[in-house]
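Starting from the known structure of chain A, arrange chain B on it as the hints suggest.
Chains as they are written, first to last, in this note's numbering: chain A, 1 to 582; chain B, 1 to 582.
Any given hint could turn out to be false.
Where chains are identical, the list cannot tell them apart; a pair therefore holds if satisfied intra-copy or between any two copies.
Stated by the list, open to error - With a cut-off of at most 25 angstroms between alpha-carbon atoms, the simulated DSS-like pairs for lysine-lysine come out as follows: (1) Lys509 - Lys105; (2) Lys159 - Lys260; (3) Lys105 - Lys494; (4) Lys305 - Lys509; (5) Lys64 - Lys330; (6) Lys138 - Lys159; (7) Lys322 - Lys340; (8) Lys126 - Lys494; (9) Lys444 - Lys397; (10) Lys509 - Lys126; (11) Lys280 - Lys452; (12) Lys303 - Lys375; (13) Lys292 - Lys400; (14) Lys13 - Lys159; (15) Lys105 - Lys452; (16) Lys292 - Lys461; (17) Lys374 - Lys452; (18) Lys138 - Lys263; (19) Lys13 - Lys400; (20) Lys159 - Lys87; (21) Lys84 - Lys400; (22) Lys87 - Lys138.
Everything labelled a hint here was simulated from the structure, so no lab data went into it.
Below, each chain spelled out in residue letters.
Number of protein chains: 2
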Amino acid sequence: MYRTHTCGELNIKNIGNAVTLSGWVQRIRDKGAMLWIDLRDRYGLTQLVFERENIDAELLEKVKSLGREFVIQVTGQVIERESKNPKMETGEIELKVQTLNILNKSLTPPFTIEDESDGGDEIRMKYRYLDLRRTPIKNNIELRHNMGVETRNYLNSHKFFEIETPFLIKSTPEGARDFVVPSRMNQGQFYALPQSPQTFKQLLMVAGYDRYFQIVRCFRDEDLRADRQPEFTQIDCEMAFVEQEDILNMFEGLTKHLFKNVKGIDIHEFPRMSYDFAMKNYGCDKPDLRFKMTFVELNDVVKGKEFKVFDDAELVVGICAKGCAEYTRKQLDELTDFVKRPQIGAMGLIYARYNSDGTLKSSVDKFYNEEELKKWAATFNAEPGDLILILAGKEEKTQKALSELRLEIGNRLGLRKSDVYYPLWVCDFPLLEWDEETQRYYAKHHPFTAPKPEDIHFLEKDPGKVRANAYDLVINGVEVGGGSIRIYDRDLQKQMFGILGFTDEEAQKQFGFLMNAFEYGAPPHGGIAFGFDRICSLFGGSESIRDFIAFPKNNSGRDVMIDSPSEISDLQFNELGIMLKP
Amino acid sequence: MYRTHTCGELNIKNIGNAVTLSGWVQRIRDKGAMLWIDLRDRYGLTQLVFERENIDAELLEKVKSLGREFVIQVTGQVIERESKNPKMETGEIELKVQTLNILNKSLTPPFTIEDESDGGDEIRMKYRYLDLRRTPIKNNIELRHNMGVETRNYLNSHKFFEIETPFLIKSTPEGARDFVVPSRMNQGQFYALPQSPQTFKQLLMVAGYDRYFQIVRCFRDEDLRADRQPEFTQIDCEMAFVEQEDILNMFEGLTKHLFKNVKGIDIHEFPRMSYDFAMKNYGCDKPDLRFKMTFVELNDVVKGKEFKVFDDAELVVGICAKGCAEYTRKQLDELTDFVKRPQIGAMGLIYARYNSDGTLKSSVDKFYNEEELKKWAATFNAEPGDLILILAGKEEKTQKALSELRLEIGNRLGLRKSDVYYPLWVCDFPLLEWDEETQRYYAKHHPFTAPKPEDIHFLEKDPGKVRANAYDLVINGVEVGGGSIRIYDRDLQKQMFGILGFTDEEAQKQFGFLMNAFEYGAPPHGGIAFGFDRICSLFGGSESIRDFIAFPKNNSGRDVMIDSPSEISDLQFNELGIMLKP
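Chain A on its own, in the form it takes in the complex:
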């Protein structure tokens, strides 16, 4: 037996016990007469103590040969510490070691295995198995495990079946780019890895399994942004005989269950907000509601005063930064630079200070006298001490820019606290998005999303006007999950593919199996999928999903630890009947 206890469980009650521990050498402190070692395993740290005078030469020799990250097994007696460490679970005791067995040596690690490591990203990715030993990463992996456990507890208790869907499926060009897998047994043909189990979960509804879920890997071959991975995990769910409200309630329940059981937090009922309302008031479809600071439209208030920037603008819109009237010139310049950055792209920033003495002062005093500015202040419900920030231009672009500015101000005011959670549902998304470049409509959610019944009459003549029974779960400005009520009628699905530019033949070839299934008694159904990596990182208070994945890939889609992807052999090329393009 390698151990009687773990390194995290011994305490004052164990004093006098003879125990065996196994673990890694975290730290060695040699004070001459006494020598201490912190022994680490998954469960914690236990201090080992060696008294030079009282141990034999052989044991001393072994102890002296140890280095960081050596794996050892020790047997000894639990004793009370002279100087206790109240911060450690095992801080009241130490182990007086009688025998020591070196299970494995270690080279000196290329970076320190501490909460704050001295290793850069690249080296920590290469030696990921060492990075995973660090407590912060271990806590993330444990959190992810707990999230999985509690997700299943909730869904199992609500009669969901976890049903596995295939990974080797069929390539369909709609949506993101597929990873494909050449077939050896069907040469010249390819499987695709699923971007999501969408069609399969709908088929399960047709098959009568009215509550399905799966925590499942999905794949998208996209150029990777900072926080995307080519493979990622979804909590994928679908229900039959439900309306939108049933789904929102069920998964609001799941989210609350996770907050309660993983983080011990009770959350309010989630507000519901239409897409239009969110865009108008927050300039984005995933507003961070930890703070208010809603948009105030000024077109009627500011136009017609010879100020060309406002007069020519499609939209003049602003926010009121509470208590920021005292911002210095430098701070205001920073904000101007912020909105003028290429990724935000505003032309400039207009401000008005509502000074604490009641006077008003703006960056456009040339055009607006104090009387006018008073009207502004009233429109914003501003009070003395507040700062009004205004952007103007094309509607969509201006909303987006002001939304970014709002978040920036939120950051500066400390309104985006990492231990506060504000979930909400954003609903009534548009069904379609027009793409200027390709001159066609794309599905905003996906081609299986049902239009709102009351909007169906727009489908033929003005499809851009149709709203969908689609919804996103947003927490703290992060889209954590999204879903929709689905089409379950063959003809409507066919019409939808037509609007998306599919010929009937293409639609039949790629999604014929689903449309056929709709002819054999498909029930009304809908579902949702949560980004599991994303919700774990949100719960973990981090912005990076990579730290919540045991073995992530870098931004080029490489696993630098195993050095993959890599070349394959001629035999493999021959068996698959493929070759590289010359």
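Leaving out everything else, chain B in the frame of chain A:
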């Protein structure tokens, strides 16, 4: 709201309730004055009743338009049935329908949605979403869900972390053939889909996560035998700081937990049997212990009597079929034909009847008198009424043939009951297997399996003699799981790759990341993997894993429902930088 109840829950207590149900039309019985419909959902069947005289014309019209598998929503009152059906959960009540809403129509299904369908394999695979509606398949999917739930319950309660490992990994030619995935961002290079998370779970042990599991998809591009799938699911587990006995106990616990909690069966302690013992006594490494009928070696007893078949044989070995002395000539001929089939390949079958009158009669009376036969009987501990069956030839082939015959006799005697479960551990497997064709050793389990310490000295000079710390869980003659204690020493791992024919360079290129990891404090570790599809089918009392997979592939690796694999577009070929071989 689509329903107030499911079709499986209404009973005598609900009489008088107004309820709404949704589901599929299973059966319509029109008896003139009365008309009944069985309405089906995932939870059961509820009988709907329509009294022609008492319903309005519109409702009657709707009812008459219904066909099998239509999806309907009905509202009505629960009433007591006149003739109750005690076999149905809902058999005491029926629903007197007031309103009926046709949610979706159905074409006539291509086969009957009944427990025994009239559809052939091919058509049921093509319309898998309809096949999945049948109760026996639904029960399998539910069983699989429950197996997953209970597996996680057990492992979570024993402090295992479920940790996801990557699907886009690196191709390594050892073992079965990989499925590969061309990389677009790293053109000319490929990912491979994992045959198992073996190396990753070992790295997790190096990383200190001493109890890992995952219910995870794995992939092997092999020519498919009847009961293999290109993608399959494993319960994959690994533990650190453990010896073989720790692992056997932990997973014997899991198996018992599953039997208890999924099937309500208490199982005895699992016997442990060495590979050598199993081969000698049952002729195979996965003996079905639901019945005894162990092998009896006869070399010393039968040789030297001028019977060339025995005298020339490497092994003469037999079994005693209890109570089969009365077998007819025809039955014995059938058994002879059975062992002479090409896939078994014995030259013939020798028998001796121990008649109930105490006389003995064999098929080789020319060579063996009754005195001799008495010795045979004594060796077998045979009694009057028994039948002795003997095979002779090359050792391995003869063992294998007699093992098949033993199972056949077990079948004929009804000794292989599908509701009896007899698990055991088979241990001490050979580390290596010699392959005549390629003239090299292969790892019997895999290259990471540790040799038994006491056998390590054979590694250099006589590797075939080395036994491994490897073990299989066998239930009713089926290998349900297998695992081993792993190598955790870089030099031993390197030596092992050498024995398997890797150059140092190849070993470093393919598995360098693992061998490097072993230099940074790798703990002793080991693990096991269960075939999840297999154990589900065993628990479900079926020999086919396909019925326990929601969307299986056929023997050519095709999904005939979605028609995959399929062709991909020129754009995809171009982006990936690959082409088909001309």
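Okay, the hints, checked on the actual structure:
no. : hint            : verdict
1   : Lys509 - Lys105 : between (59 angstroms within a copy, 23 angstroms between copies)
2   : Lys159 - Lys260 : both (20 angstroms within a copy, 21 angstroms between copies)
3   : Lys105 - Lys494 : between (65 angstroms within a copy, 17 angstroms between copies)
4   : Lys305 - Lys509 : neither (60 angstroms within a copy, 72 angstroms between copies)
5   : Lys64 - Lys330  : neither (58 angstroms within a copy, 79 angstroms between copies)
6   : Lys138 - Lys159 : between (32 angstroms within a copy, 14 angstroms between copies)
7   : Lys322 - Lys340 : within (22 angstroms within a copy, 92 angstroms between copies)
8   : Lys126 - Lys494 : between (49 angstroms within a copy, 21 angstroms between copies)
9   : Lys444 - Lys397 : within (18 angstroms within a copy, 64 angstroms between copies)
10  : Lys509 - Lys126 : between (43 angstroms within a copy, 15 angstroms between copies)
11  : Lys280 - Lys452 : within (21 angstroms within a copy, 71 angstroms between copies)
12  : Lys303 - Lys375 : within (13 angstroms within a copy, 116 angstroms between copies)
13  : Lys292 - Lys400 : within (17 angstroms within a copy, 76 angstroms between copies)
14  : Lys13 - Lys159  : between (43 angstroms within a copy, 22 angstroms between copies)
15  : Lys105 - Lys452 : between (65 angstroms within a copy, 21 angstroms between copies)
16  : Lys292 - Lys461 : neither (38 angstroms within a copy, 77 angstroms between copies)
17  : Lys374 - Lys452 : neither (43 angstroms within a copy, 87 angstroms between copies)
18  : Lys138 - Lys263 : within (16 angstroms within a copy, 36 angstroms between copies)
19  : Lys13 - Lys400  : neither (60 angstroms within a copy, 58 angstroms between copies)
20  : Lys159 - Lys87  : between (43 angstroms within a copy, 24 angstroms between copies)
21  : Lys84 - Lys400  : neither (55 angstroms within a copy, 66 angstroms between copies)
22  : Lys87 - Lys138  : within (19 angstroms within a copy, 53 angstroms between copies)
Of the hints listed earlier, those the structure fails to meet are numbers 4, 5, 16, 17, 19 and 21, in rising order.
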